[in-house]
Each structure stands twice: as structure tokens, then as C-alpha cells.
Amino acid sequence: MTKPPRRLAISLLLLGVIALSAGCGAVGWEWDTKMSTVMPKSDFGRMTHDIFMLISWWTLGIFILVEGGLLYACWRFRDRPGAPIPKQIHGHTVLEVSWTIAFAAILVIFAVPTVRVIFKTQEAPAATDLKVDVVGHQWWWEFRYPGQNVVTANEAHLPVGQTVAFNLHGPDVIHSFWVPQLGGKRDVVPSRVNRITLTPEVPGEYIGQCAEYCGTSHANMRFRVIVHPKGEWEKWVAAQQGPPLEPKDELALKGKELFSQSACMGCHTISGMSAGILGPNLTHFGSRKTFGGASMMSTPENLAKWVENPDHMKPGVLMPNLGMRDDQSKALAAYLLSLK
Amino acid sequence: MATHAAFMPGVKTEAAPYGVWSWITTVDHKRIGILYGVTAFIFFLMGGIEALIMRTQLARPDNNLVSAQTFNELFTMHGTTMIFLAIMPLSSAFFNFMIPLQIGARDVAFPRLNALSYWIFLCGGLFINSSFLFAAAPDGGWFGYATLTTRQFSPGHSIDFWMLGLQILGIASMLAGFNFIVTIVNMRAPGMTLMRMPVFIWMSLVVQFLIVLAFPAITVALILLMFDRFFGTLFFAPAAGADPLLWQHLFWIFGHPEVYILILPAMGIVSEVLPTFARKPLFGAPVVIYSGIMIGFFGFGVWSHHMFSVGMGPVADAAFSIATMLIAVPTGVKILNWISTLWGGSIRFTSALLFSLGFIAMFTMGGLSGVMHASPPVDLQQTDTYFVVAHFHYVLFGGSIFGLFSGIYYWWPKITGRLLDERLGKLHFWLMLIGFNLTFFPQHYLGLIGMPRRIYTYAGDLGWNFWNMVSTVGAFIIALSILVFMVNVLKTRRSGQVAGPDPWDARTLEWAIPSPPPIYNFAALPTVHGRDELWLQKHGDGHGGAPTPRPATPTAQEIAAIHMPPPSYWPILLALALTFMLSGLLISTYQIIAGGLLVLFCMFKFALEYHRPAPEAH
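Each protein sequence line maps, in turn, to chains A and B. Under the numbering used here, the residues of the first sequence are numbered 974 to 1313, in order. Under the numbering used here, the residues of the second sequence are numbered 695 to 1312, in order.
Bound-form chain B, shown alone:
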């Protein structure tokens, strides 16, 4: 709080409320962002440990560290965890923390709904993972293809845990999606036209639309599956005339936009980090924005490229192939725009920038291998092999995870008030880059010489042995790099260099306020004159224009009059009631009924909660 006081001399700041209860009932977007981030990181570690066990199993041929059943559970949970419980919520952490700050708002549009999203997400994540305690971990793959997931071929509760868990998580994502759309559309500071929004905000907005349009498709698919499994319907029963490809179409109409849900936030982060550290505006920002929108739009028209091998016929194969190649155009354009942003700049190689550079370098490779299997004949050889495993890890690890770490190093001082250690940060980066490439580059080769995905063991005479071992070694180097990051966090938690409001000489509004920001973010709402508002305030437009005016410092009375929403415990209660109701499907009908009544009760209390102006929240 020292920086805060220094920022507004003479204003006595109120201490933030402390304690577990204050976190449980918080509706502050910054705290919810931190909750998302910490939770997602813990799930990220769990998904990582699952990956390490798999890599150890595959280090040698005919290995028997884990059983076939355990291995199948591991890859199902690794995929599900990394997608729904690590990358998506890590992005959510940044949406939560940064959207209001970057658009010059005091909170999101619906703060209690925001808390509800988080608690439902947490319940969903815990629900899926609780399956390990009942020895019923999901084992149908993260894609859960029918007919394997129907009751006939997957008796027991493992698929039920997966199916219900995804439904719970879907509710959280939908609520957050609507919340952020309303926030971005309605709550921008005066003068922030759509084209003046930071590119991270633009990419976030596209992602929210993808979420609210894509999740209904998987919700429908999961409901059909639930009816098949619990009530004996025959949506996926071929004997009754069903076509199991119905599942695949519904799943991938969700599943492909989901890929962009995972990558676009990272693209947004990179589009913030590069201009800051090259000290130049984003090159061709409108084109980067339009490309993001195009990617989101085309993302709904390419789902069947996940299904080239199912026998859709030549016309569908050709159509989806061409659509998929089209999507490479805006993606390639973005990469060249990022490199052009660096061109002519004055580049400071901070950890945040290194991770963004890593993103560009690695994502380019993932994009190029993606063009290969956009061609169905080539895809028929590559799909379901390690070539594809390599491809999407270059996109989702080399892309999303590098981008998200770039965001972590970039915004850490804003969130915590202290800088991360740069030397450890660079060590983290180089270890991760080397480990990542050792792990995944050889997998291209393994795929090309025929190693299929999702196999728990392989014969020793196929030429796969050496590079599988290399890949395993690489995975442990990645783990080491994550350890370095954790050491960095612990080391700088108390003793890190104090950041001040603007440690990077950055360009956007979040750097105009103290680090960490006060509960109300902006003492006076800023007026915006351009995309890089803070840069314009500090340096002018670089073409002779005078710096734009800074907002006037508000008086103590004005600050005292800022109204912030009071805390509420109904979000967590509603989330718990919802989880209680859905888990009744595994236990008893009475629990579903009781849970349903509880949900109704909590919803009414939530909706009609009496708003007293809580004094500590002002």
C-alpha cells in the first residue's frame, strides 16, 4: 500500500479486508482474478504431473510403470485438465484482472456473477478430479467419442464424472463469457472507442463470443450422452439406427473454436508485451484485430478437419480442407505483424518479452505443421499419431503457455506490486524453451515413422525407442523450469523489487494506477484519446503532437464517494448447491431433488440480496 499512499498524498487509504472469509465472499474482479490464477496454476501442476507419469511410462518400449487402464486415465485427465482447468482459467485470470483495468473501469459489469463463475469453476474442477478418490477417473479421452463412452462400453462412473464435470465447467465459462461481453461493450472509459481498445481486450472479446457460441454445442452433446447413460435413450446406439458421428460433429463444433479460445488470449498478451518492450505501437493493429475476428469467425467453419478419417466423402473433405487452409491466412498475417512490431524498435529483453518471442517462434512451427494436416490425404497419415501431438503442443504449449507466462511476467508487478526476479525469469525461459523443444520436436519424427497416440506401450523394434527417451528427458526439463518459476515467486513474494505504478514504461491504462491497484482501480475515470493512452500521456504521439492531458487528481471526498459492490456469500453457496444437485446423478434421486430445491433457494437469495452499502467496500 506504500505506493498507493505515495500516489495520492494526503489520502488515507483503508486497509484491504483480510482473512479467508474476505476471499470467499469477495466480488472484486482483481481478487477473483488472483483466485482463478492460483487455482489454475495448481491444476496446471496436476496436469503436468500426469504428463510426467505418461512420459516416464513411454520412455522405454514394453514398459510397465503403469497399467493400460491407468495410462488411459492419465491422458484423458491430462487433456481435460490442461484445457478446461489450466489454460482456460489462466486466461480467465487475466480477463478478470486486466479487462476492467485496461478499459478504465472500476469492476466488471456483474461482480457477483463473476464470483459465481469462479466458484462453479472450482467446484467443477474438484468434481472431475474427485473421481481419482473413487478409483473412477475418466478414461474415454478428453474428446469422449461415442460409442466408447456409452454405458455398454463404459460401465461404472468414470465417464459420468467427466460428463457432469464438463457440464459444471461449461456453466462457469458461459456466465463469465456474458459478463465480460457486457463489461467490454458497456463499461469502457469515455473516449475509448472500439478501435482504441487495447488488442488484448479485442482478443478477449472475440474469445467471449466464441465461448458463448461454442459451449452450447458441447452442452447439447453432453446432455444427449447423459440421457443415453442415465435414462436409456438411444442417441448414440447404432443398433437403434443412430450414427455415432453425431457426437463427433457436436463435439468438434465446440472443439475447434475451443482451440481459439485457448490461443487468442495469448495472442492478445503478446500484442501488449511486444509494443511495450519494443517501445513502438503494435504494427498494423487494425489488421491484427480483424485477423483475430476472422480467426474466430472461420473457427466455426472448420470443425470437420478433426474428422477427415471418418469417411465423410470427398466433397466434405475438400470443403473443410479449403476452409482450414483459409484460416492460416489471418494467422500468418498476425505473425508478420508481430515481427514488424519489433522491427525498428528498441527492444528490451525482459523475461516477459522473451516469453513473447518464444510464443512467436514456437507458434509459427505449430501453425506450419497445422497447414500440413489441413490437407486431408496428408492428415490421413498424421492424424492420431505423435505428429499431431507435436503439432498441437507447439500451438497450446509453445503458443498458449508461453504467451500466458509472458503475461505473468508482464503483469505480475501490477498484480502484486513487486517485480519477479529477472535472472530467474530468464533461466525459467531458457530451460522451458529447451525442455519444450526436446520434448515435442522429436514427436514430429515419431509420428512420421508411425507412432500412434494414446498407446500405453509399444514394441521395441519400430525405431521409436531413442526419441521417446529424449522426449521424456525434455519433459523433466520443463518440470524443472516450472520449479524455477515457483522459486522465483516464493523468493520475490516479500523481498522482490517494489514495482511502482509503471515499471516497464508501458502504454495502456492499467499502468496509470498504483501497483497493486486500489479496490476502486481508478480514483478518477480516465478520458481516452488513443489506443496507447498512457503512452500518449507520457510521450505524446511521436509526430509532434502534445502529450494528452492526465486526469485530475480527485479529492478525498470524491474518493470516499466511490461506490463499490459489497461482498456476498451467495455465489459460493449457489455453486455448492449446483454441484450437490448434479452429483446426485451418481448417488440418489433424492439428492437431485434436494439439490434442485437448494439451487432454487440460493438463486432467489442471490437475486434478491439486499444491498446495504458495506462500509469497508467504499
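Chain A with its partners taken away, still in its complex shape:
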């Protein structure tokens, strides 16, 4: 290849790279998203994030030096026509020893805060901590508040500023409990009780998701954590402790009758109605925004579809298809939504 086309090719390539980078920059990298790990909303998240940023800045510097050095060497020492055989250099001991030591020194900078945070975030929980038992099922989450007689599914409610210790129980396969905005994950391992402790600092609604592959509907094993402002959480607890409201309209009453006559009773608990434990506790189902591993919004249409054919909405789901007719599923949906 002659020189001018090569130069042209290189220029075009550079232009392309610049255009591409500019394009990507213009599209924007939104960081404050619903499952962002880099906008921490808890103490645990912040401690992690600080180390992440420390390492990021250092590695960015190393990245620029190494890649810059590589490109510079390629440009500076490119083959020129008629060039003699270069000097045969076999190495440079002082140089090699120095950069080995430099690498080790930089790693010490990372290791010290790392070890400190490891121990700090795994301290034994204090007596004043709020305890929440988390049970990871295939493929939904159960939250139990010991001593408070509250059991819910796919939605955990917490007070802001209160340290909470989640105790993680696994009855089937390994799952992983993860609310990105509140900090890192911890696996739910059958045969042991794992723990994750954190203090939410900002009220809001956070999305959680199972982060360890756990079978067919792993992707649909989501949940929500609602962090209440001061004083609100107690109200939520009080509402959850009582029995559900009696349904008023006719459709919901019909649904209640259907529920009491069908197999639903075998798996689901509704306080004052049934005591099944295989599926989620439905006592205050109507107070939750989502269902089915928090992968669907609790609307009458979604619920009716779900009751008719759960597997269609959450593949592999263990809830059987009960062969409900259209009118039956609508009645059941109305009943479930009435359970405030």
C-alpha cells in the first residue's frame, strides 16, 4: 500500500473514533437510575462506593499511561523503509524491579480501605437493629418481621435511618439478595443463615432483584424495598398486623367464595381464611403494588391473566394452572385487590 491512502485510512479511522465517542457522549450516561450502584442511598452503599471511586481513579490513570505508552511506542517505533536491525535489548533490571514495586505499592493503597470496610460491614448486629427474615423462594421473596406478626411477599418496608439486619434463609436453591441502590448483594444459601446489615438514608422505593442464577424464572425474581419517611413505617406495620378488610362489592365477594372453594387455600395464607405456606402470604395483597416476584403490576387485568395461566406470565412458576374461567379469574382478581 502506498503512503497517502494509508494516511487517509488512519485519519478516517481517527475521525470515526472521535465521532463515535462524541456520539456516545451526546447520548449521555445517566447514572441516577432505578437500579444504579453508583448513587448509594445507604451507609453500606456509600462505603462500597468510596472504595470503588478510589480504585477507579487510580486505574483510570494507569489505563491512560499504559494505553498511551502503547500507542506512542507503536507510532514512534514504526518500521521505516531501509531501517537497520534495531538494537537487541534483552531487559533492564532496575526498571523492571521498580515497576514491580510500584504496582505492589498501588495495590496496598487499595487493600487498606478494602480490609477496613470488609470488617466494618460484617460486624455482629446490635440489639437495636430492626430484624427482617428474608426467605428466597423459586421465584419470589418472602419477608417476615419477627415479633411483629407481619409477613409479606416481594415488598419489604423499612424506616429511614434505622439500621436493619436482613437474615437470609434459603429453602430451595441459592439466590442472592440485592438492592443496588442500598448496597451490595449477599447470597441466600440453603443450610445457612447469611446476613446483610445496612442503614437506608433516603426515603424512596428501591428495586431489588435476585442476582444468583436460580432456574427458569430467575429474571422475574424481583422485589421492592420501600423506605418510609420518619413515622410512616409504624403506620404500615399497624395496617399489616390486622386482618384484611372485608370485600364490599359483589364481584370481590364472589371471588372470596371461589377462593374458599378452590385449591388456592392449600398454598396461600390469608389471615382468617386459609393457612397454606407454599406460596406468598396474601393477607394484605391489595396493599402491594406488584405481584409474581414483583415482575408485574397489580392491576385487575394482569391478575386475571395470571390466575388463568400463571406459567404464561412467569415461566416455570410452581403455581399450577387451576383451569379458571374468565369470569372466575376476574372475581378472584377483584377479591385479591380488595385485601388491603
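Certain hints may be false.
Said to hold, decoys possible - Part of the chain B face toward chain A, derived, beta carbon under 10 Å:
#1 918
#2 971
#3 1025
#4 1027
#5 1031
#6 1033
#7 1145
#8 1158
#9 1252
#10 1284
#11 1288
Stated by the list, open to error - Using 16 Å as the maximum straight-line C-alpha spacing, the simulated EDC-like pairs for lysine to aspartate or glutamate come out as follows:
#12 A/1303 <-> A/1178
#13 A/1060 <-> B/1235
#14 A/1007 <-> B/1155
#15 A/1303 <-> A/1174
#16 A/1227 <-> A/1145
As the list claims (entries may be wrong) - Reference listing, derived: stretches of chain A covered by chain B, where coverage requires no fewer than 3 residues with Cβ under 8 Å from a Cβ of chain B:
#17 1029 to 1039
#18 1060 to 1066
If you're looking for bench data, these hints aren't it; they were derived computationally from the structure. A quick note: this is a predicted structure, and the numbers were derived from the prediction, not measured. Note that beta-carbon positions come from the ideal geometry of N, C-alpha and C, so glycine has one too.
The hints should help you fit chain B onto chain A, whose structure is shown.
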């Protein structure tokens, strides 16, 4: 064969034996290398197609191109295929072809065992993939965590296919590992001390030790799982007091060295390609070698960094974190040594060199993101997200695959006798580099904003949509670049420029003999005076020393007296018998017994095979 004749005038060369049968019964390390390479490339295409289907599914939120079940099968098979059926055997192709040539030997230590390794590998690969035909493709992830993989949670045969397939492949890797260790230790040419071995040979040697030390761990784990699934034992049953983390420890004691099994061969290739095209020796070669050994050694002490989220407690977290950071030191040193090799050189930008440069640039990024999740608190946010997917693709694609393509462009003329087209090669490189970065760089970002791995679908309101689409577009650009490579291969197969023995003015012994090499490789075994023996023969040491002597041209009688091992059909029969026996676990006990007897029979025939000097093999 034209170059061959030209190389030794007056010697009438015998035509290589032709036909399918000659390939089935071959024990020639070069042919076995080619078989490994072609097979691995086909599996590489299959793994790539699996990836493209996954990327298409993930291009948009709430997409339903494939079902949840299919997606889970795809990522399980993509991982299993790329690791065990593509990258490892592609490396094996180079071990097979290049180890004897670079150490100045005529074959590996155990040629029939070498053939056996290949046929067992092929059977294992076909066995795992045959699961697609029975609608029972493995769906437990390439890591197969218990308890999900026990019979209770994975009834059916999908996990059985995966488990037995990995066992079969493990046998192939172990046999090859021992074979190459003996070859490298025992069969070096006179004068080739350990420190004069080319760095590719050094990295290969480290890899073989990793293989023979790491595979037993996964073999044990798979046997425990097999007992649980078939014979009702309770190794992974929490209800009976078992701890399912036993699986993870055994798996990752294998799994982490496996990462180095995948990357060290590429590091070896890069350490050959850079000096050739910079026309300078590898900078600090002893340090590069020691670093490789250190990486291999530390590789056995960091497995639990795959398990920071399982709740091992702060002491274990801290210990494995520091060990993991330590491993970054020799890795970083190597990168600086490679750049220093270029420094002061006279760099010729061939396709082979471009891929090596791509390796350095991309592997550096993979290494740097690796340092981030060496810190457990950071890892708790990043593990099982797309950040980690990005990280290890920068290591295994940006590293291993770029390195292996560098090796392909570099050694292609030695293997085939013809050069690949350089313009198409460069097009391949740039398309792959751009496609690769478009695919995987945005995945860092996706991981940081919370996208988990192994999900077949996602909601549209999480900010993930745009960059998933970009990533998918990038994946198709990678596919296009692979197509360009295939066009290159087809185009130059008959019409490519004839290479001659030493097209690159290279430095090591394989370039001292014709391309493609004759069956006996070296007509006269060379005597070695330094690491870059051929360079010393051609140019001297560059410090005033005279060029070292070239070996004398042997006479026709001497060549006729070279004894090469005759072909054998027992390797393929033994491999088939073994596969037949193991697949009996899925079919009937009688098949296991019959298969076991067949295996015994084939083993005896293999061991006691009467060696007649086959005339065509001389």
C-alpha cells in the same frame, strides 16, 4: 511440497498420505493440531451463534424472541462451549502444532495418546451438544451450582449431559497435559536449556501443570454430583446436613486456574509475535517467564474471590482479596514488558502484530476492571452484573481470542505453506476491535447501573435499553469480522502467496524448516545456543558475536532412517468406547457394562498394539 523439495535439493519427498482414513488414524502432532484447530473453530462458531441469539433477545426490553428456558440453555451452552470447546482446544491446536517445532523435536512424547486426547475431546464436545437433539440442553449455567443442579431442582437429563460431557472433556485435557509436560521436559533439542525455551513453550508448560492440577478438583465435584443424581447420595442435600458451598469451593479451585489455562497460551503467543515484528528480543524474558509461573502458582490461591457474596466471613474475604490483588503484580509486569519490547524496535504492522497489540490494549482493560472486584465490598455490587460480564470478556475475548487470532495469522503460513491475505486480515482486526468494544464496553456501564447477568428479559424503565441495543449491534459486527476471516481462509487456500520457510524473518526454530513442515519436522535435529536460535543463526547476537552455525544438511540415507510412529485406529476406537460407556448412564445399565468391557478391550489393544514399521510413515 514445492518448498520442501527446494529446501533439500536432490531428496525425493514422499507424498503425504491422503484421505479420510489417514486423518482418522493419524498420530502426527501437526495433523492432530489441525484437527483440534478446525474442530475448535466450528465450536467457536456455534458458541458465537448462541451469543448472537442472546444479544438479539436482549436488544430490547420485554423481548420474547426466545423463552426463558431457551435463554438459560443458551448462556449455559455459550459459556461451556467457549471455554471447553473453543478457547481451550484452539490453544491445544497451537500446543500440538508448535511445541515439537519450537523445541526442535520430531513429535510429542506419546503420539497415539495425543490422538486419543483429540478423539475424546471431539466425542465430549459432540456429546454435550447432542443434548440439543434431545431437547435437553444443559440449563444450569457453566458453573452448575448445587443445589440447582441436583435431581430435585433439575429433573430430566439436561444436567446429566453437561456433567458427563465435562467428565469426558476432562479426560482429554488431562491426557494432553501429561503428554505435553513429558514432551517439553524430555524432548528438547540439544542445548535448549529451560531458560532458552521460547516463552510460548514456557507458558504452555505452566498451562499443562495447571490442567493436571486443576482438573482433578472439578472431576471430584462432578463425581459427587453424579452420585447425588444417579445413586441418591446426599453430598449436596442441605436437608441431610450438606453445605452446597462445597460445590462452589471445588468448582472454583478448578475454575480460577482455568482462567489462566485460557489466557496464558495467548500470553505466550503474544510473547512470540511481538519480538518477531518489532525485530527485538522479548524485553525481560526471564521476568515474563517467572511472572507466568507466579500467575499459575497464585492462581490456585484465589478461587474464593468468585464467592465473596456467599458469606464466608470477613477473614476469608480479606485473605482472598489480598491474594487476588497480589496476582495483579505479575500480570501488570508482563504488560509493561510487552510494551518495552516494542520500545526501540522497528515495528512491522502485520495482521498478526495488530492482534497482539489488540490483546495488550484490551487485556489491560480487563485486568484493571479485575482489580476493582478484587475488593470484596466493590465486588458485592459488581458480581453477577454485566460489569463482570464486560470484565471477563475483556480478558477472554479481548485477551484470549485476540491472542489466538494473532497466533493464527502468525503461524498460518507455517501450518499451510501459504500466507493469509493481509488486507483482509487488517479489515478483520479493525472490525473485530470496533465490534468488540461496542459490544462489551457499554456492558461496564450497564452493570454499574444494575443490570444483572443471566436474565432473559428486563423492564424498560431502568435506563438499560439504549446500551443493550448498542451491545447487540456490536455483537453482529464481531460476527461480520469472523466472516471476513473465513473469506480470507477460503480465498488464500489455493491462491495465497507461498510463504517459504521464514516469511516474517522470525526468531525461533519452527521457522528454520519448510512450510508446511515435513512429517519428521527436522531432517537433522538442531543444536540450540540461545532463546532466539534462528535469529542467532541469521543475524548473530547483535553485539558483535558471530552467527551460530546452522545444522548440516542431512543426506538422503539419514532422512530415510528417520523413524516416525505408524498410524493407529485404536485412539478413535477407545474414545468411542469410552463415550458409549458413559452415555449408558442416560440409557441403561447394560450399556454401561458393555461399554466398560469395550473400553477394557480397546485399552489392551491400544497398549499392546504391534508396531510394524509402516513404510509410508518414514
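Cross-check of the supplied hints:
Interface restraint check for residue 918 of chain B: the shortest CB-CB distance to chain A comes to about 15 Å, outside 10 Å, so the restraint is violated. For residue 971 of chain B, the suggested interface contact is upheld, since its CB lies about 8 Å from the closest CB of chain A, less than 10 Å. Evaluation of the residue 1025 of chain B hint against chain A yields a held restraint, the C-beta minimum of about 9 Å falling below 10 Å. Against a cut-off of 10 Å between C-beta atoms, the interface hint on residue 1027 of chain B holds, since the closest Cβ of chain A lies about 5 Å away.
Given hint, residue 1031 of chain B at the interface with chain A, holds; its Cβ is 7 Å from that chain's nearest Cβ, closer than 10 Å. Evaluation of the residue 1033 of chain B hint against chain A yields a held restraint, the C-beta minimum of about 5 Å falling below 10 Å. The beta carbon of residue 1145 of chain B comes within 7 Å of a beta carbon in chain A, closer than 10 Å, and the hint placing it at the interface holds. For residue 1158 of chain B, the suggested interface contact is upheld, since its CB lies about 8 Å from the closest CB of chain A, less than 10 Å.
Of the supplied interface hints, the one on residue 1252 of chain B is violated, with its beta-carbon coming no nearer than about 34 Å to a beta-carbon of chain A, more than 10 Å. For residue 1284 of chain B, the interface hint is violated, since its Cβ never comes within 10 Å of a Cβ in chain A; the closest pair sits about 33 Å apart. Given hint, residue 1288 of chain B at the interface with chain A, is violated; its Cβ is 36 Å from that chain's nearest Cβ, farther than 10 Å. In summary, the hint linking residue 1303 of chain A to residue 1178 of chain A is not supported, as the alpha carbons are separated by about 29 Å, beyond the 16 Å threshold.
Distance check on the hinted pair: residue 1060 of chain A and residue 1235 of chain B sit about 10 Å apart at the alpha-carbon level, within 16 Å; holds. With a C-alpha separation of about 8 Å, the suggested pairing of residue 1007 of chain A with residue 1155 of chain B holds against the 16 Å cut-off. A C-alpha spacing of about 40 Å is found between residue 1303 of chain A and residue 1174 of chain A, which places the hinted pair above 16 Å, so the restraint is violated. Of the supplied pair hints, the one linking residue 1227 of chain A and residue 1145 of chain A is violated, its CA atoms being roughly 35 Å apart against a limit of 16 Å.
As drawn, the region 1029 to 1039 of chain A meets chain B at 5 residues by the rule of a beta-carbon pair under 8 Å; at three or more, the given contact holds. Residue count for the region 1060 to 1066 of chain A with a Cβ under 8 Å from a Cβ of chain B: 6. That meets the three needed, and the coverage hint holds.
Taken one by one, the earlier hints fail for this structure at numbers 1, 9, 10, 11, 12, 15 and 16, listed in ascending order.
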